[in-house]
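Student: First to last, the protein sequences are chains G and F. Going by our numbering, 94 is the number at position 94 of the first sequence; the sequence numbering is gapless. Going by our numbering, 172 is the number at position 172 of the second sequence; the sequence numbering is gapless.
Quick caveat, the hints were computed from the structure, so don't treat them as lab data. In this text the structure is predicted, and so the values were computed from the model without any measurement. One should not assume that every hint holds.
What the hints assert, rightly or not - Derived coverage of chain F by chain G (criterion: at least 3 residues anywhere in the stretch with Cβ under 8 Å from a Cβ of chain G; other residues may be distant):
| hint | stretch |
| --- | --- |
| 1 | 14-21 |
| 2 | 64-72 |
| 3 | 193-199 |
As the list claims (entries may be wrong) - Cβ-Cβ distance ranges computed for the label pairs, FRET-style:
| hint | chain 1 | residue 1 | chain 2 | residue 2 | range |
| --- | --- | --- | --- | --- | --- |
| 4 | F | 76 | G | 20 | 51 to 61 Å |
| 5 | G | 66 | F | 328 | 33 to 43 Å |
| 6 | F | 157 | G | 2 | 48 to 58 Å |
| 7 | F | 335 | G | 23 | 52 to 62 Å |
| 8 | F | 177 | G | 4 | 37 to 47 Å |
| 9 | F | 29 | G | 25 | 50 to 60 Å |
Where is the CB? At the ideal position from N, CA and C, for every residue including glycine.
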Amino acid sequence: MALLSKALNAIGLLLLAHAVYSAHEHSALHAAAPSASSQTPSAAALPLDITLETLASVLFVCAGLVLGSPALRPIQWSEWAGEVEQEEGRNRQGRGKVGMKEGEVVGNPFRVLEERPGFLDVRAKRKEFADWVREGGSG
Amino acid sequence: MAAELINPPPSVPPALALRMSQQAPRILQQSSGPSLPYPLSLLTASEAPETWIGYENLMLACLRTGDDRSARICLEKLTQRFGEDNERVMALRGMYHEAVAEDYKALESIFRGYEEVLKKDPTNMPIRKRRVALLKAMNRPIDATTALVGLLDASPTDAEAWAELADLYLTQNLYAQAIFSLEEVLLITPNAWNIHARMGEILYLSSLATNSNNDGNLMRGLCESMRRFCRSIELCDNYLRGYYGLKLVRPLAHFHSPQQPLSTNTSTNNPLKQTTKHLLSLLSKTSKPAPAAADPQFGDLAPPSLATIERLHELATAKLAEIVRRNAAGESGWDGYDQAEVIAAGELLGRDAQKIER
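Construct the entire structure; sequences and hints are all you get.
Tutor: Encoded structure:
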């Protein structure tokens with residue numbers, strides 16, 4: 001999906017640039033020869049192919065942007081919370097997502113209320129880990 | 001830096017902590033290249049907040065697994081970046097010293113260090129929190145409670161501190177105080193589904209522990225606990241913890257519902273049934289209050305009707321069965337449950353099924 005959206009974006013931007021350049025050239029041509037254009041007003045209007053190219057390029061870019069956007073989060077609180085819980089469980093079991101995008105907020109915002117990093121009892125955690133190692137380090 | 005370092009899952013299991021701390025040498029080596037002089041270093045250094053959160057979590061993981069050397073390097077990096085006087089760095093340094101302290105005396109000297117810092121600046125919240133944590137680690141829960149209450153007097157909107165206070169009270173078996181503290185947490189974060197579930201659990205425990213000879217209170221506590229579990233389910237889809245609690249509360253709430261006829265349950269071989277029988281005999285001894293729309297004395301809601309309790313129980317059973325089944329099948333979207341929790345849920349369901357067979 002990422003490749004498709006990038007390709008669509010690239011093609012769309014290229015076409016857009018081309019359409020803009022064509023329109024500019026067209027108007028420059030007619031400005032240079034005012035006598036020719038004054039005879040028939042339709043000749044001064046933008047040719048149909050440039051208009052179509054512009055519209056198509058904008059559509060391409062729109063489609064590319066929409067396809068490339070990250071997956072939507074549920075807007076219902078309970079649904080979102082359920083998803084967050086699942087995601088965290090997967091992380092805990094060590095099979096979470098590998099790559100993390102910058103600025104992406106994942107996780108349960110209320111888990112600090114049960115974790116309480118400010119009040120972390122390091123010594124107890126150390127002891128727990130030492131016990132786990134002594135038991136054979138499984139589970 | 002790996003995602004688990006930037007955003008570690010809740011209650012990191014030892015295996016994951018070990019894996020996190022094993023990344024330490026690589027990460028520390030990567031970032032300890034020769035640094036350029038001041039204006040140029042701004043261009044090369046990565047200044048994303050994630051970097052520093054990553055260092056902090058790496059340090060905690062290293063402290064936990066006993067890799068004190070790497071923890072020290074992380075701490076030095078953080079100190080270099082944020083300065084000696086940064087409150088968060090001060091708390092981390094305190095934590096490091098606590099972790100490597102040899103004996104009780106060393107802990108006491110760290111405690112005196114915290115007191116010194118607080119004398120200079122009583123608004124240093126991270127250090128105040130460390131002080132409470134240290135008191136707790138030194139096995140002085142009453143002093144820790146006093147210190148924490150003082151902290152909350154100064155900053156009553158600190159949900160984390162209220163939650164810690166609830167836990168502290170709970171370790172001293174002061175259920176009413178723990179429930180009050182959790183209610184404060186819920187006032188600050190009313191949508192925290194895990195706190196609603198925690199509240200339900202504590203209400204359940206406290207009504208079993210303290211009200212065994214007062215049926216009215218027991219029933220009120222269980223109904224309240226049930227409501228809390230319902231709320232946690234409402235806030236979070238497929239919340240195993242909430243459904244488990246709901247199913248667990250039911251048998252007792254059931255027998256204490258005023259509409260419940262006293263004729264069921266005659267077998268004595270099942271220990272669970274014996275308790276319910278015991279409760280039943282209690283119920284027949286005491287006169288039941290008539291169900292009113294609201295308790296005039298406490299303003300509580302009336303207990304739910306038997307039909308509601310039954311339907312909630314059915315819902316919880318169905319949902320737990322679904323969770324266990326789909327988790328076992330490994331369906332996507334259902335595979336994030338803690339295995340121990342799923343096994344416990346399966347056991348609870350099995351116990352129920354056994355009872356019906358008999």
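Student: Each hint: holds or not?
Tutor: To see whether the hints hold, each was checked on the structure:
no.: 1; hint: 14-21; in the structure: holds (count 6)
no.: 2; hint: 64-72; in the structure: holds (count 3)
no.: 3; hint: 193-199; in the structure: holds (count 4)
no.: 4; hint: F:76 to G:20: 51 to 61 Å; in the structure: holds, 55 Å
no.: 5; hint: G:66 to F:328: 33 to 43 Å; in the structure: holds, 37 Å
no.: 6; hint: F:157 to G:2: 48 to 58 Å; in the structure: violated, 43 Å
no.: 7; hint: F:335 to G:23: 52 to 62 Å; in the structure: holds, 54 Å
no.: 8; hint: F:177 to G:4: 37 to 47 Å; in the structure: violated, 59 Å
no.: 9; hint: F:29 to G:25: 50 to 60 Å; in the structure: holds, 57 Å
Figure legend: structure checked against the earlier numbered hints; hints not met, in rising order: 6 and 8.
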